[in-house]
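Undergrad: Starting from the given sequences, assemble the full structure and let the hints guide the process.
There are 2 protein chains.
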Amino acid sequence: MHKLVIHGGAGVPDRGAMTTEREALTRVALAAALAAGDAVLRGGGSSLDAVETAVAALEDCPLFNAGRGSAFTDEGFVEMEASIMDGRSRRSGAASLLHRVRNPVRLARRVMDCSPHAMLAGEAAERFAEGQKLPLERPDYFHTAERWDAMVRLRERGGAPRFEDQLADSGRGMGTVGAVALDRHGDLAAATSTGGLAAKWAGRVGDTPVVGAGVYADNETCAVSCTGQGEYFLRGTVAYDVAARMAYLDLAIEVAAAAALQERMADAGGLGGLIALDRRGNCALPFNTPGMYRGWVGEDGERRVFIYE
Amino acid sequence: MHKLVIHGGAGVPDRGAMTTEREALTRVALAAALAAGDAVLRGGGSSLDAVETAVAALEDCPLFNAGRGSAFTDEGFVEMEASIMDGRSRRSGAASLLHRVRNPVRLARRVMDCSPHAMLAGEAAERFAEGQKLPLERPDYFHTAERWDAMVRLRERGGAPRFEDQLADSGRGMGTVGAVALDRHGDLAAATSTGGLAAKWAGRVGDTPVVGAGVYADNETCAVSCTGQGEYFLRGTVAYDVAARMAYLDLAIEVAAAAALQERMADAGGLGGLIALDRRGNCALPFNTPGMYRGWVGEDGERRVFIYE
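Those protein sequence lines, which keep their order, are chains A and B.
The first sequence begins at 1 in this note's numbering and counts up one residue at a time.
The second sequence begins at 1 in this note's numbering and counts up one residue at a time.
Calculated from the structure, these hints are not laboratory results.
Just so you know, even glycine gets a beta-carbon here, dropped at the ideal spot from N, CA and C.
Keep in mind that the hints are not guaranteed to be accurate.
Reference listing, derived: stretches of chain B covered by chain A, where coverage requires no fewer than 3 residues with Cβ under 8 Å from a Cβ of chain A [unchecked claim]:
#, region
1, 5-14
2, 57-69
3, 113-123
4, 198-208
5, 222-235
Simulated DEER-style distance windows between Cβ atoms [said to hold, decoys possible]:
#, chain 1, residue 1, chain 2, residue 2, range
6, A, GLY186, B, GLU220, 33 to 39 Å
7, A, GLU164, B, GLN132, 22 to 28 Å
8, A, GLY186, B, ALA39, 28 to 34 Å
9, A, GLN132, B, GLU164, 21 to 27 Å
10, B, ALA145, A, GLY158, 46 to 52 Å
11, B, ARG304, A, ARG280, 45 to 51 Å
12, A, VAL28, B, GLN132, 24 to 30 Å
TA: Pasting the structure below:
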């Protein structure tokens with residue numbers, strides 16, 4: 001029994017605003033990330049390797065707001081963050097405030113495996129990445145016209161960077177990516193990566209690198225990856241809340257995930273979604289936005305990809 | 001009904017290694033922080049103002065590993081972090097990777113009140129502090145011979161910076177501070193501030209600035225501030241777990257706090273403690289280290305201060 005579930009963010013434009021071409025490209029990219037992660041699981045690899053591989057594939061695609069296609073801060077540079085968590089050991093790694101690392105999720109993995117800490121941020125994190133021989137890129141690698149224009153539009157509007165505005169702006173500033181997986185050994189893992197809110201302040205840390213907020217994995221309960229306005233996920237400790245409801249209220253994953261999203265995030269006024277997977281392969285993919293790029297693949301090898309309800 | 005509970009860290013030297021002078025000075029400092037926060041509550045002020053005031057007083061005292069007396073990274077500078085959370089609104093603010101801000105907890109408060117984000121880190125956070133007219137200090141303000149020597153000793157030992165080593169080193173690299181309070185309006189609040197592990201890597205983010213890990217407050221359940229090896233508190237989402245056990249298992253705060261510390265932190269091999277307070281003024285102060293600097297003051301105005309069991 002193995003399974004991989006991914007998301008490409010809850011920042012999906014309304015159906016009418018989505019072009020046929022963009023939808024087709026996005027579906028291909030999601031299917032390719034599923035294929036890459038599924039190959040790991042099918043070869044007997046770990047869920048940890050599978051989520052790292054799937055998320056790295058999404059980071060390399062400029063369509064998603066993570067890695068290559070990251071959003072810009074209001075000062076005009078990308079500032080990425082990512083996390084990974086191993087459900088077997090409950091160890092985790094995270095990195096934040098990254099400007100040059102090609103695959104933030106791979107740095108998160110190195111923080112977990114090769115550092116004494118759970119989270120590294122800023123220039124020191126990038127020095128560590130260099131020491132680990134991870135590829136670094138120049139600013140032009142991360143430059144996409146679409147993200148740049150979205151940042152400029154949002155910045156000109158002024159005021160606080162809000163998820164609502166980004167959704168209204170055809171969702172073009174959006175697209176955190178993530179993956180949760182179950183491998184043949186029965187181990188769960190989760191990973192999340194993002195460029196953050198378009199026109200966010202430099203130095204802003206969101207929920208993505210935070211265990212319990214934007215990512216969580218524990219073999220006893222579930223693996224979770226979140227997407228949406230990070231401030232709400234952080235303050236609601238949403239990812240861990242799914243696990244806590246399963247452990248303490250004995251809820252099924254679908255019920256726990258829906259309740260966590262509603263009561264810990266949506267009720268406070270937040271927008272977003274999450275993917276969650278338990279050890280029996282049950283998954284839940286709730287969101288309260290018009291859509292969420294998502295997909296999964298299991299034992300039968302069929303890759304299913306969805307955008308709207 | 002109002003109450004204030006504080007801690008000055010779980011990194012307490014063994015009884016035999018504590019000098020009479022240091023113990024006396026520490027008791028005076030804890031009592032002074034209690035008095036400062038209690039004055040806010042007694043004057044009808046908010047729990048939020050009380051925890052900020054008490055934590056700022058501890059940050060100003062060089063005896064504790066936060067603000068003035070912060071530990072040094074293995075590169076020889078301080079890198080502080082802090083957080084604050086309002087149990088009424090469940091809003092929060094946090095700041096990390098600070099080198100110059102005199103009172104990190106006051107910056108955390110400004111992030112909550114005056115920024116669109118929940119967490120800011122690094123140079124951008126200090127630029128924000130400057131814009132907010134918060135006092136910044138030069139490196140010599142933060143220099144204490146004791147912390148410097150501890151860092152050098154630990155660095156010379158090599159290997160990963162571990163809480164165990166710091167405890168063995170007479171606990172001199174330790175001393176995260178925190179406060180939880182209940183005000184006359186029935187509102188809870190929590191704040192935590194730290195210089196982090198002595199000889200930690202530059203760029204390391206611990207549990208202190210993370211909602212759900214090192215800090216949490218919700219009027220429906222409790223206010224929590226943690227101290228100890230941050231990596232374990234982060235991965236265990238310990239602060240929120242106390243609240244989750246109260247909400248979902250209907251446990252009393254003493255039982256919830258002890259179980260969260262044991263099952264989510266100690267069982268994984270972690271060392272530390274926490275303080276927790278509920279809306280009826282019940283509090284719990286569990287720790288699995290030789291001691292934890294701590295104290296509380298309630299309606300009767302008597303300031304109680306403890307170090308060991």
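Undergrad: If you check the beta carbons of GLU164 (chain A) and GLN132 (chain B), does the distance land in 22 to 28 Å?
TA: Cβ of GLU164 (chain A) to Cβ of GLN132 (chain B): about 26 Å, so the range 22 to 28 Å holds.
Undergrad: I want to verify a distance hint. Is the separation of the beta carbons of ARG304 (chain B) and ARG280 (chain A) within 45 to 51 Å?
TA: Given a distance of about 50 Å, which is inside 45 to 51 Å, the answer is holds.
Undergrad: Quick check: the region 57-69 of chain B, covered by chain A? Criterion 3+ residues, Cβ under 8 Å.
TA: Since 0 is below three, the answer is violated.
Undergrad: Is the listed coverage of the region 113-123 of chain B by chain A valid when you require three or more residues with a beta carbon under 8 Å from a beta carbon of that chain?
TA: That given contact holds, which follows from 9 residues of the region 113-123 of chain B lying within Cβ reach (below 8 Å) of chain A.
Undergrad: With 21 to 27 Å as the target window, see if GLN132 (chain A) and GLU164 (chain B) comply at their CB atoms.
TA: holds (26 Å)
Undergrad: Would you say the C-beta atoms of ALA145 (chain B) and GLY158 (chain A) sit inside 46 to 52 Å of each other?
TA: With a Cβ separation near 48 Å, ALA145 (chain B) and GLY158 (chain A) satisfy 46 to 52 Å, so the hint holds.
Undergrad: Can you take a look at whether the region 5-14 of chain B is actually covered by chain A? Rule is 3+ residues, C-beta closer than 8 Å.
TA: violated (count 0)
Undergrad: Is it true that GLY186 (chain A) and GLU220 (chain B) lie within 33 to 39 Å of each other by Cβ?
TA: For GLU220 (chain B) against GLY186 (chain A), whose Cβ atoms are near 35 Å apart, the range 33 to 39 Å holds.
Undergrad: Taking a Cβ-to-Cβ distance below 8 Å as contact, does the region 222-235 of chain B have at least three residues touching chain A?
TA: holds (count 4)
Undergrad: Measuring from beta carbon to beta carbon, are GLY186 (chain A) and ALA39 (chain B) in 28 to 34 Å?
TA: Hint violated: Cβ distance 56 Å, outside 28 to 34 Å.
Undergrad: Tell me if chain A covers the region 198-208 of chain B under the three-residue, 8 Å CB rule, please?
TA: Holds, because 7 residues of the region 198-208 of chain B bring their Cβ atoms closer than 8 Å to Cβ atoms of chain A.
Undergrad: For the hint 24 to 30 Å, verify it against the beta carbon of VAL28 (chain A) and that of GLN132 (chain B).
TA: violated (47 Å)
Violated hints, in rising order: 1, 2, 8 and 12; the structure is consistent with all others.
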